[in-house]
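**Student:** Keeping the supplied structure of chain G fixed, place chain D upon it in accordance with the hints.
Top line first, the protein sequences correspond to chains G and D.
Heads up: the first sequence at position 50 corresponds to 50 in UniProt numbering, and the numbers run straight through without jumps.
Heads up: the second sequence at position 82 corresponds to 82 in UniProt numbering, and the numbers run straight through without jumps.
A hint or two may mislead.
Claimed, not checked - Calculated cross-link-like contacts (lysine-lysine; reagent style BS3-like; alpha-carbon spacing at most 27 Å):
#: 1; chain 1: G; residue 1: Lys-212; chain 2: D; residue 2: Lys-191
#: 2; chain 1: D; residue 1: Lys-182; chain 2: G; residue 2: Lys-183
#: 3; chain 1: G; residue 1: Lys-212; chain 2: G; residue 2: Lys-254
Unchecked claim - For the chain G half of the interface with chain D, some residues (derived, Cβ under 7 Å), not all of them:
#: 4; residue: Lys-17
#: 5; residue: Gly-165
#: 6; residue: Gly-213
#: 7; residue: Thr-215
#: 8; residue: Glu-246
No lab work stands behind these hints, which were simulated from the structure alone.
Heads up, the beta-carbon is just placed ideally off N, CA and C, and yes, glycines get one too.
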Amino acid sequence: MFTDLNSILNTSPDNFKQGEFVLILDRKADASFLVHHFLSFYLRAGCKVCFLGLVQSFSHYSAVSQRLGVSLAQAKEKGQLVFLEGLKDCLGILLPGGTKPERPTLDFFSPQCSDLRGLFEFVLSSLSPAGGAGGQGDSGPESLRPPVLIVDDLSVLLSLGVSAGAVLDFAHYCKAHVCHELKGSAVVLVRCEEEEEEEEEGDEQGAEMLLKGLTHQCTLALQVQGLPTGYCRDIHGQVDIWWRGESQQQNHRKVFQYKVQDKGASFFARGTSSAVL
Amino acid sequence: MLLDVLQGAEAGSFIIFRDSASCPGRRLLKSYVHAALKREEEVHVLEFEASEEELPTGLDVHCAQRLHIHGGFADPLGWIKRSSFTVHQFTSRSISTLISSQPQSKSALLVIDSLSWLVRHLDPVVICKRLQEIRRGGAVKTIIGLLHADLHQISVVGSVCHLASTVISVEPRTNGQWVLAKTTKRTKSGKVLQEEELFSIQENLTVTVHSKVSHTTQTQPETDSVEADPAANLTFNLHLSEMEREAKEKVALPFVFSQEKKSALLNAGQGAGRILYEPDANDDFDQEDPDEDLDV
Chain G
1 MFTDLNSILN
11 TSPDNFKQGE
21 FVLILDRKAD
31 ASFLVHHFLS
41 FYLRAGCKVC
51 FLGLVQSFSH
61 YSAVSQRLGV
71 SLAQAKEKGQ
81 LVFLEGLKDC
91 LGILLPGGTK
101 PERPTLDFFS
111 PQCSDLRGLF
121 EFVLSSLSPA
131 GGAGGQGDSG
141 PESLRPPVLI
151 VDDLSVLLSL
161 GVSAGAVLDF
171 AHYCKAHVCH
181 ELKGSAVVLV
191 RCEEEEEEEE
201 EGDEQGAEML
211 LKGLTHQCTL
221 ALQVQGLPTG
231 YCRDIHGQVD
241 IWWRGESQQQ
251 NHRKVFQYKV
261 QDKGASFFAR
271 GTSSAVL
Chain D
1 MLLDVLQGAE
11 AGSFIIFRDS
21 ASCPGRRLLK
31 SYVHAALKRE
41 EEVHVLEFEA
51 SEEELPTGLD
61 VHCAQRLHIH
71 GGFADPLGWI
81 KRSSFTVHQF
91 TSRSISTLIS
101 SQPQSKSALL
111 VIDSLSWLVR
121 HLDPVVICKR
131 LQEIRRGGAV
141 KTIIGLLHAD
151 LHQISVVGSV
161 CHLASTVISV
171 EPRTNGQWVL
181 AKTTKRTKSG
191 KVLQEEELFS
201 IQENLTVTVH
211 SKVSHTTQTQ
221 PETDSVEADP
231 AANLTFNLHL
241 SEMEREAKEK
251 VALPFVFSQE
261 KKSALLNAGQ
271 GAGRILYEPD
281 ANDDFDQEDP
291 DEDLDV
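In isolation and in its complexed conformation, chain G is listed as follows (with noise of 0.2 Å):
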């Protein structure tokens, strides 16, 4: 969790706005300390989170939440913490001896299958108050806090095959869902790749579509770049914090530089880095 973020996003875990629809997306930049630090951060207020890691294991998650000094071990014991290990899953199905799921959480694989319902199914029956795949028999404080999905990422499932309108509809019934029924957050990365020559055409449209329609769903946008002028050491790049509101006021953006840390991040204004002034 990023002191510095909360206070731009003029958020805590004790008070945060609720039903929001978080857009990370990066272009030539990495930002997966952002995924890092939802994670933390909705894990600290007590919400009970739903977590698709599709292009990490566990453990790795787990040993960067430990550094922000939050336990994943800890938070899955008691259940307030749903993992899907994506990338573990779907090898299980790729691999002829591999090992079939039981539930149709990833049954984008099959051939007759071309939508992500079995997922979206599983992020409901994780989420919703009453059953739960973590099994929470006490109706403790945490089952108050608003439940959060956090997706990492949601391009992996193009590169998997899935056609971006599919994915759209993912998001579609993850915000009206999570967001709105349950009064949740959802928070999901994309990332952009850079336009090559090799790629096929019908791919880069893909990828661009899923991205303006997410943007579209979004409430509120982060999108990392890297520096414009290259490599930094001091600078690791921009963010691009766009508040999407309907009205003109509540529509704006403001883009601040960042460095990432061992623990943690800050974040400054353009050109207020301590390495320049």
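**Tutor:** For chain D alone, kept in the frame of chain G given last:
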């Protein structure tokens, strides 16, 4: 013209609000809906993108009674069997049953939020056909729809927009709080009117037009087309005066074959070279092949 469109349209019109990710147009759609409700029209909304609670905010109770939301937001594709209206139910028959289920005196306004949901899930041809059926059906007076133009192929956006009688595209303006609206209106006589206006939407959802972007400035002769003289500011002289030109023309070029040169070549004077050849005794001169010794 934007205000004229928001004032209400004649029966059978179809208005598209075109927006992009950088400039959302839902608020303009909302202000149209609010204006229609205040005109005491019955409004039916096919809501796929915003929650049901979002639209009636800021409406008084009296107006809210005339607003009927057919929510597809929670379940637009029927995944969890909770929807009152899914994307695939978009046919003229189910629309007219939806509308006729509400007792009212006059024909209604149908709002589709958004057309992009339909375009993504149905064939463009099917959508165009069904929209046309709904327009002709008579149950609906006006159809308005929001279309996220950047989500679809240009051809699809174009063909849906061709159906519309009015297309309003909203675009961001970097300077200030205003938004640019490009309105294209096709009248029944076939005349096409176009106008660009800068507008803003107040807290109470009323639209204020600030200025019209005039086209006359654009059609004026462009200043760029006056050709710049590349030889204007040079450090050396590129131009020739009349005298210089004459002097230049007098100079004979080195390889011009003049009369003097010709005569000098023809009358070889003294001291000119000549080839003398006295055949050797050993020389085996072949009359038929004089170049034999050249070993060709």
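**Student:** Now tell me, hint by hint, if it's right for this structure.
**Tutor:** Now the hints, each set against the structure:
| no. | hint | in the structure |
| --- | --- | --- |
| 1 | Lys-212/G to Lys-191/D | 34 Å, violated |
| 2 | Lys-182/D to Lys-183/G | 37 Å, violated |
| 3 | Lys-212/G to Lys-254/G | 19 Å, holds |
| 4 | Lys-17 | 15 Å, violated |
| 5 | Gly-165 | 5 Å, holds |
| 6 | Gly-213 | 6 Å, holds |
| 7 | Thr-215 | 4 Å, holds |
| 8 | Glu-246 | 5 Å, holds |
Of the numbered hints given earlier, the model fails hints 1, 2, 4; all others are met.
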